[in-house]
Amino acid sequence: MAGNVNPAQKVLKTMDLISKIERKLRQVEDFPKKGIVFQDITPLLSDPTLYEQIVGAMAKQVEAMGAEALACIESRGFFFGPAIAQKLGIPWAPIRKKGKLPYKTVSEEYALEYGTDIIEMHEDAFQAGAKVVIHDDVLATGGTGVAAAKLVGSVTELAGFSFLMDLTFLEGRKKLVEFTPNVEALLKIK
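Residue numbering for the sequence shown follows my numbering, beginning at 2 and increasing consecutively.
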């Protein structure tokens, strides 16, 4: 029983972690274009203890979704995703922009503000029927997440989404819950 943590302690521990993340985040105004306040997560990478705590918290969320593998979206999904997969002892595979992967791929086109883009993953990235969680750093409008969900769903089973933060004011979550109710983020930015 000594290892058990009561619900109130869990809430306090999570609030403490969120507070640490919020203090470390760097807001960069007018990046990548005027009017946008970019949430820069790179300062989180400079604190090994905080990084380990973030990976541990997200790993618990991914594990609760029944993940058997993790699909990490290029490029900032690679900051935490591989460490989450390693902590859980599950495989991971990259989802990258068109033309970046060397073997046979499946692809999905999606809309951007001005034009379209294409993401790909290896056709044999996951075993058929494996429950895959898609991981990225930030949930914004949900466009990339929708494309990744279609991509993963074309070869196996989508178990959920994992994000470090959700920019809730952009309402990307609404698009993702059409694929699965399992959409988790440690931090919600309003």
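Since the hints were derived computationally from the structure, they do not count as laboratory data. Be a bit skeptical, because a hint or two may be false.
As the list claims (entries may be wrong) - Calculated cross-link-like contacts (lysine-lysine; reagent style PhoX-like; alpha-carbon spacing at most 20 angstroms):
{"id": "1", "residue 1": "K189", "residue 2": "K151"}
{"id": "2", "residue 1": "K105", "residue 2": "K61"}
{"id": "3", "residue 1": "K88", "residue 2": "K99"}
{"id": "4", "residue 1": "K176", "residue 2": "K105"}
{"id": "5", "residue 1": "K21", "residue 2": "K189"}
Unchecked claim - Estimated spans, in silico, between C-beta atoms of each pair:
{"id": "6", "residue 1": "Q128", "residue 2": "S76", "range": "33 to 39 angstroms"}
{"id": "7", "residue 1": "S20", "residue 2": "P103", "range": "41 to 47 angstroms"}
{"id": "8", "residue 1": "Y115", "residue 2": "K88", "range": "25 to 31 angstroms"}
{"id": "9", "residue 1": "F39", "residue 2": "G90", "range": "21 to 27 angstroms"}
{"id": "10", "residue 1": "A65", "residue 2": "P92", "range": "31 to 37 angstroms"}
We treat Cβ as the ideally placed atom computed from N, Cα and C, and that holds for glycine.
Status of each hint after checking the structure:
1. K189 - K151: This hinted pair is violated, its Cα atoms lying about 24 angstroms apart.
2. K105 - K61: Roughly 32 angstroms between the alpha carbons, so the hint for K105 and K61 is violated.
3. K88 - K99: violated (29 angstroms)
4. K176 - K105: violated (28 angstroms)
5. K21 - K189: holds (14 angstroms)
6. Q128 - S76: 33 to 39 angstroms: Given range 33 to 39 angstroms: violated, Cβ gap about 25 angstroms.
7. S20 - P103: 41 to 47 angstroms: Between S20 and P103, where Cβ atoms are some 42 angstroms apart, the hint holds.
8. Y115 - K88: 25 to 31 angstroms: Given about 38 angstroms between the Cβ atoms, the range is violated.
9. F39 - G90: 21 to 27 angstroms: Check failed, 34 angstroms falls outside 21 to 27 angstroms.
10. A65 - P92: 31 to 37 angstroms: With a Cβ separation near 18 angstroms, A65 and P92 fall outside 31 to 37 angstroms, so the hint is violated.
The structure is inconsistent with the numbered hints 1, 2, 3, 4, 6, 8, 9 and 10, although it conforms to all the rest.
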